[in-house]
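Student: Residue strings, one per chain:
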Amino acid sequence: MAAINFTLNGSAKTLDVRDPEKPLLYALRNELGLKGAKYGCGLGQCGACTVLVDGEPTRACVVPIASLAGRKITTIEGLGTPEKPHKVQTAFIAEQAAQCGYCTNGMVMTSAALLERTPKPSVTQVKDALAQNLCRCGTHDRIISAVVRASEGTRG
Amino acid sequence: MNVITSRRDFLKGSGALFIAIPLSSAAFAQTAAGAKTVDAAQVDAYLALHADGTATIYSGKVDLGTGLRAAFPQIAAEELGLPINRIHLIEGDTALTPDQGPTSGSNGIPKGGMQLRQAAATARQALIRMGAEKLGKPAAELDAIDGEIRPKAGGAGVSFASLIGEKGFELKLDGKAPVRDPKTFKYVGKHVPRPDVPAKVMGRHAFMHDLDVPGMVHGRVVRPAKINASLVSVDESSIAGIPGAQVVRIKNFLGVVAPDEWDAIRAARLLKATWSGGGLPVNHEGLAEHVRKGSKVSGTEMLDEKGDFTATFASGAKKFSAEFYWPVQSHASLGPSCAIADVKNGEATIWCSSQGTHRYRKHFADMLAIPSSKTRVYYVDGAGCYGMNGHEDAAADAAFLSQAIGKPVRVQWTREDEHGLDPKGPAQVITQDAALSDDGKILAWRTQMWCPKPTANLPTIPLLAPVEAGAKQTPGIATGSLSSGGKPPYDVPNLQVQVHWLEETPLRASHLRAPGKIGNCLAVETFMDELALAAGRDPIDFRLAYMSDPRGRESIERVAKLFNWDTRVAPRRDGKGRGIGYTQYKGDETYVAIAMEVEVDAGSGRIKVTRVAATHDCGQIISPDGVRSQVEGCILQTIGRTLFEEVKFDTNHVTSRDWASYPILTFPDVPEMKIELIDRPDQPPRGAGEAATAPVAAALANAVFDATGIRLRRVPFIAQRVKAAQAEMTTKNG
Ligand code: FES
Ligand code: FES
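Protein sequences appear in the order of chains H and W.
First residue of the first sequence? That's 1 in our numbering, and the numbers climb one at a time after it.
First residue of the second sequence? That's 1001 in our numbering, and the numbers climb one at a time after it.
The hints are simulated quantities; they were obtained by calculation from the structure and are not laboratory data.
Computed from a predicted model, the values in this text were never measured in an experiment.
Backbone N, C-alpha and C define an ideal beta-carbon position, used for all residues, glycine too.
One or more of the hints may lead you astray.
Where chain W lies over chain H, by a calculated footprint (3+ residues, C-beta under 8 angstroms) [said to hold, decoys possible]: (1) 1-15; (2) 53-60; (3) 66-73; (4) 87-95.
Far from chain H, some chain W residues (derived; all Cβ distances over 12 angstroms) [stated by the list, open to error]: (5) Pro1083; (6) Ile1145; (7) Arg1204; (8) Leu1280; (9) Asp1433; (10) Thr1505; (11) Lys1561.
Isolated chain H, as found in the complex:
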């Protein structure tokens, strides 16, 4: 067992790990009870598991837990709360930008990171930022509208 220390949604956490190769996603969902990040592929291809590590969108399904010592992890539960949603979340709700909603975690987290970097993205920048996030239901158009809405821009 090794103890790994990191910051999770603003609080210090210590996690005892038996297998340092275990991806962060399993620790979040099973040990830490945070089920917002989803398993989609376990291959880093779809984005359903996205969390922010030091503000960068990161695929929790492939990041070994051991590599996160000392890092700051934000999950969707820490991004906003029902009482105080993040502006991206407010916009997703306003645009009804989810069908099954399984991809939504990754869309919200990746979009939040985009707006940190690029507060007023163009539609092309939004599409590029989300290019590696898959949605099977075809909710893309609403997601684009939601990100533009969150940036207080207009679609054109």
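We have chain H; now place chain W with the ligands onto it with these hints.
Tutor: Below, chain W with the ligands alone, put in the same frame as chain H:
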């Protein structure tokens, strides 16, 4: 029976507060199954009024991210005369909801919703009768408004609760009970936000994958590298080092369980097993040929015939023929199939995302040799599925593992499982033959289709685990109506529509969104364009000349306007083009017309859809934003299916088992979209979950022809195929 902690408790554990409308999980906290009628002929099966003025509606149909969870309360609120925020919905729980058939074929609203409407209308009549007695007024002067029976002219009313309390109606559903006049609608046709969206966006919606059952362990099934191989031996010592890991073997069914999920995954990866036999008769590259010529045809059926095709075709001045191929495609759900089962003491409780919990209750019961009456299936939201994916397979996996070890087991498939093993939309070949008269009129048209024959009266699609475990299961093929949509939606004087039924299909088949209809529409609608060109007519003008249905005409005329259609005969061939596709779904349901603009890169052969316009007439609209969202999804998903998707397999197994080898539409592929919903409140509502998929491939192929002069007839329209066709054309012309 073991009862899971309620979703409420589950969410509390993760600090969540968002519970919009309690879903089937609300039933977890309810009293034992069987206390409430589920007889679909009874009003009480669909709804219950409560003493606190709220109501619960029970739906055998489920919300698959499709908006039913908003639409059903809208329908019930409208008919009952109850504010919508006082309505709770329970979906799919086999112990509490009526069997309304599976949620498929876009029939959630047209069938399920209309049953609910009639149940609520019957209830309203009963409440009015009770109110008339209590108020001493004629029933004709009363209405149900805001949870009370009140004089229409105004004045004091009596609450539903004071009239009926909790005791139920004990009434047969009256299919003819008068329903409300659409002119008076307060909820139907209005925007009601979907109750599940906020929790999904906040990361607090409890998906199937997120449920925990006390005492649960994690299971994974180990399947052979060759499809249908037999298990020879297992080396249990290969996972000896993994804490608590245990092997379960039932004939050819092989699984592992472990208390920790990551350990179960590792055990499944490390477990050494030897298999023999198995494999497939053909690979994906040979499948088109196999379907057309190599498969055994069990019979040919004439689905439609008018006039004399053979004679008029022979006498035609100009003749045309074409062959089309639609490949095997996967549901490719974004999340893998997942389920939990608790099977012990002769009882089974199964939590899964099945679109047909009622049907699968019997299937699960039979395979476990447990009575249906001792089997309860809860519906819990999964990742979107578009027909039947692996949800039920994962449930069967979990059930066998649980039965073997006597503990609740959760099984979550891997990505490789999902892409490799989900039952798939089968391949189709379609041919078209037509003749024009010398003045360019359509004389004769024949569609022939080659597709697997669905097994008559097969209640459910066979699952993997019962086959492997040698358990009871009815074998057969189920695909949905693959042969629908082969009939041209035009006034053609001499017509034949024929299907050649194939006895087998190499990969297990199932319903995949709009089964068969996208390929059939591709064939019919691109052929219609060929005929238009030969007749020297613009594609839209030509269609309208053969279309008498006024709703069909309006869909096409309005899409032409919405798209700003550029009326022309000859293709532009300059790399940019526009195309049209039209359908009346299943021949008598929703009308959809789609116009599309594409750009084709001459160097790479890459097709980019730049602009889409669609008109959609599904009769009376219940939830406008729900319909719009479905239409958007249909269009985008099908652009991806048309441009990129084909399940690849060799003679061992499926080889496209991840997103790199089975690409789907991504954000940069998203075109500009304009959608116009045509609402007809006086018409019966039709489905919106699939119809708009049907004309997408056709519109796209027609636009590619306009841009390049190339007719694409084999899906997917990958860049290499476009380039090959370009090269062929250059050789021909040069
Ligand atoms: S689950 Fe991590 S990228 Fe797909
Ligand atoms: S909403 Fe279903 S995958 Fe995106």
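Student: Hint by hint, say whether it matches the structure.
Tutor: Consistency of the hints with the structure:
1. Using a Cβ-Cβ cut-off of 8 angstroms, 0 residues of the stretch 1-15 of chain H lie near chain W, which falls short of the minimum of three, so the contact claim is violated.
2. Remark: the stretch 53-60 of chain H is not confirmed as covered by chain W, as 0 of its residues place a Cβ nearer than 8 angstroms to a Cβ of that chain, below the required three.
3. Chain W is given as covering the stretch 66-73 of chain H, and this is violated because 0 residues of the stretch bring a CB closer than 8 angstroms to a CB of that chain, at least three being needed.
4. For the stretch 87-95 of chain H, the stated coverage by chain W is satisfied: 3 residues place a CB nearer than 8 angstroms to a CB of that chain, which reaches the threshold of 3.
5. Non-interface call for Pro1083 (chain W) relative to chain H: holds, since the shortest CB-CB distance, roughly 21 angstroms, exceeds 12 angstroms.
6. Listed as a non-interface residue, Ile1145 (chain W) keeps its Cβ farther than 12 angstroms from every Cβ of chain H; the least gap is roughly 29 angstroms.
7. Distance check on Arg1204 (chain W): its Cβ comes as close as 7 angstroms (rounded) to a Cβ of chain H, failing to clear the 12 angstroms threshold; non-interface status is violated.
8. With a minimum CB-CB distance of about 24 angstroms to chain H, Leu1280 (chain W) clears the 12 angstroms threshold, and the non-interface call stands.
9. Every beta carbon of chain H lies more than 12 angstroms from that of Asp1433 (chain W), the smallest distance being close to 34 angstroms; the non-interface claim holds.
10. Distance check for Thr1505 (chain W) against chain H: the nearest CB is about 23 angstroms away, which clears 12 angstroms, and the non-interface claim stands.
11. Listed as a non-interface residue, Lys1561 (chain W) keeps its Cβ farther than 12 angstroms from every Cβ of chain H; the least gap is roughly 21 angstroms.
Of the numbered hints given earlier, the model fails hints 1, 2, 3 and 7; all others are met.
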